[in-house]
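A.B. asks: Residue numbers (numbering that gives the first Met the number 0), protein chains in the order written: chain Z, 0 to 254; chain B, 0 to 272.
Keep in mind the hints are simulated off the structure, nothing from the lab. Keep in mind that this is a model prediction, so the values were computed, not measured. From the three backbone atoms N, C-alpha and C, an ideal C-beta is built for every residue, glycine too. Accuracy of the hints is not assured; some may be wrong.
Each computed DMTMM-like pair below joins lysine to aspartate or glutamate, with the alpha-carbon atoms no more than 20 Å apart [as the list claims (entries may be wrong)]:
1. B:K179 x Z:D154
2. B:K179 x Z:D224
3. B:K179 x Z:E162
4. Z:K104 x Z:E136
Between beta-carbon pairs, the in silico distance windows are [said to hold, decoys possible]:
5. B:I130 x Z:P91: 50 to 56 Å
6. B:Q187 x Z:V5: 28 to 34 Å
7. Z:S135 x B:G34: 27 to 33 Å
8. Z:R16 x B:C270: 49 to 55 Å
9. Z:R113 x B:E266: 32 to 38 Å
10. B:C270 x Z:K104: 18 to 24 Å
11. B:A236 x Z:R16: 35 to 41 Å
12. Z:E119 x B:I265: 46 to 52 Å
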Amino acid sequence: MSKNIVARGVVIIYRGRSDQEPVLACDGIDLDVGDGRFVSIVGPSGCGKTTLLYAIDGLLPINQGEIRVGDSLITGPGTDRAMVFQSASLLPWRTVWSNITYGLKLHRGLYGDRLGKVDELIEMVGLRGFEQRYPSELSGGMQQRANLARALAVDPDILLLDEPFASVDAQTREKLQVELTQIWARTAKTMVFVTHDIAEAIFLSDQVIVFSARPARVREIVDIDIPRPRSLETKLSSAVQQYVKKVWNLIESPN
Amino acid sequence: MSASIGQPAPPARAKSAPSLPPVPWTERYFRLVWGTIGIVGCLVAWQLGSSTGALDPLFVSSPLEVVRTASRLLPSPEFVMHLSVTAQCLFLGLLSALAVGVLLGLPIGWFPYLHATFEPVIAAVYGVPYIAFLPVIIMWTGIGMTSRTIIVFWSAVFPLMINVIQGAREVDENYLRVGKSFSATQLQIFITIALPSAVPYILAGLRTSIGRAIVGVVVAEFFMSSKGLGYFINLKANALEMAPAFVAIALLALCGVALVAIVTYIENRFCNW
């Protein structure tokens, strides 16, 4: 069962270290992500996209407003949500297999039967044959496949993705984007995807949410009306280019 | 797969990578070759100095004399006893330093308030040369095996613990976030993330500690023993029997090399990520 995400008036003040000035990262964010939808958040770099994503995951406290998943208020991390982090988040001392099953092994009671499905998952993300490798032996693209599989392994209702393909080379990135849309279609999960790559956001999403520069506010919500399934050719189509131009202008224009 | 008629199969060598000239052995074993030259060179210089009379053989002995003496000493039960006393003391001291260093170091590094509390204490005690504690330890525990083991422990535990503390403090923020995101408990985060990421620091600390422990055991045996290699060196050198003293010194060097080799093995075997 998937769930929807509702954010109302979310204010996040972020303090890096105790001797640093607090920063207003998010200033009154309203957000609605429907059940099973694919929604991307784009905005100028450093605007607070990742901060909001962390707050949805429950990694950061919010100072005002509320975030709900389904009926429950978010107060901390939970097993209904899983995060695909940016690069360098695989535990380097664990093999690929052991990284992917990390979340499952933390909560054996909860996920007892899912260890059996890991093989299937490894097949789906294209890591067959790499199970016993260490992350340092993998390319950036392979690492992010493992990162994706680790989040999918706990079978969350909601998948949060924080610029997962940012440090992957351009060709691999396009391939991974197509595969992600297929995985999304197969697993029917609600996905929230943060990126600074506008074309990527449009290609993947049902809806693109454009944030303003810091402090982040919702500038515009753009519904992406492009039929699925989408392929690499879709990315070159004039419809996508129109959307890219539109979103680009929204990000670049003064507040 | 078969090539169709009329189309000859491409020659097999077309597919193999172009071969490079073989790497000369002087380059492949660069460090081994020059390292051997260094050691052999020193021994030859020592031997020449001694046998030409440039160095007084009474005081410096000579490598050949040391080897002769070693072949006589090593099988003797008395010498084996000295060796095993030192090895035992070293082993017990290092093992207890490892246990205490890890068990105290990890929580001190992990909990900021423990770190704030203990850092000044550790810095103060570490700053004092441990030899200064020798008379105190003798007063506490006498001059037996226990007190010598305590000296070895004392000399080894601080470099180790300081490394472990640093390891537990410098756990990558990204990894901790992964644990949190998967709803790991504090204990689970400590065990599955902090501990493994501190292992390289523990082994690095152990390396430093081995050297310090060997110094510790020799010093302890100089002052508070009638057994062990340290005692043996002291005894023989005072009697101007330099060759046996050098045999014992060479064995201490071997001990150090062997222990460091064990740590290196563990590193390669278990920290190959």
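A.B. asks: Decide, hint by hint, whether the structure agrees.
C.D. replies: Status of each hint after checking the structure:
no., hint, verdict
1, B:K179 x Z:D154, "17 Å, holds"
2, B:K179 x Z:D224, "36 Å, violated"
3, B:K179 x Z:E162, "19 Å, holds"
4, Z:K104 x Z:E136, "23 Å, violated"
5, B:I130 x Z:P91: 50 to 56 Å, "40 Å, violated"
6, B:Q187 x Z:V5: 28 to 34 Å, "30 Å, holds"
7, Z:S135 x B:G34: 27 to 33 Å, "29 Å, holds"
8, Z:R16 x B:C270: 49 to 55 Å, "30 Å, violated"
9, Z:R113 x B:E266: 32 to 38 Å, "34 Å, holds"
10, B:C270 x Z:K104: 18 to 24 Å, "21 Å, holds"
11, B:A236 x Z:R16: 35 to 41 Å, "56 Å, violated"
12, Z:E119 x B:I265: 46 to 52 Å, "36 Å, violated"
Hint compliance for this structure: hints 2, 4, 5, 8, 11 and 12 are broken, all remaining hints hold.
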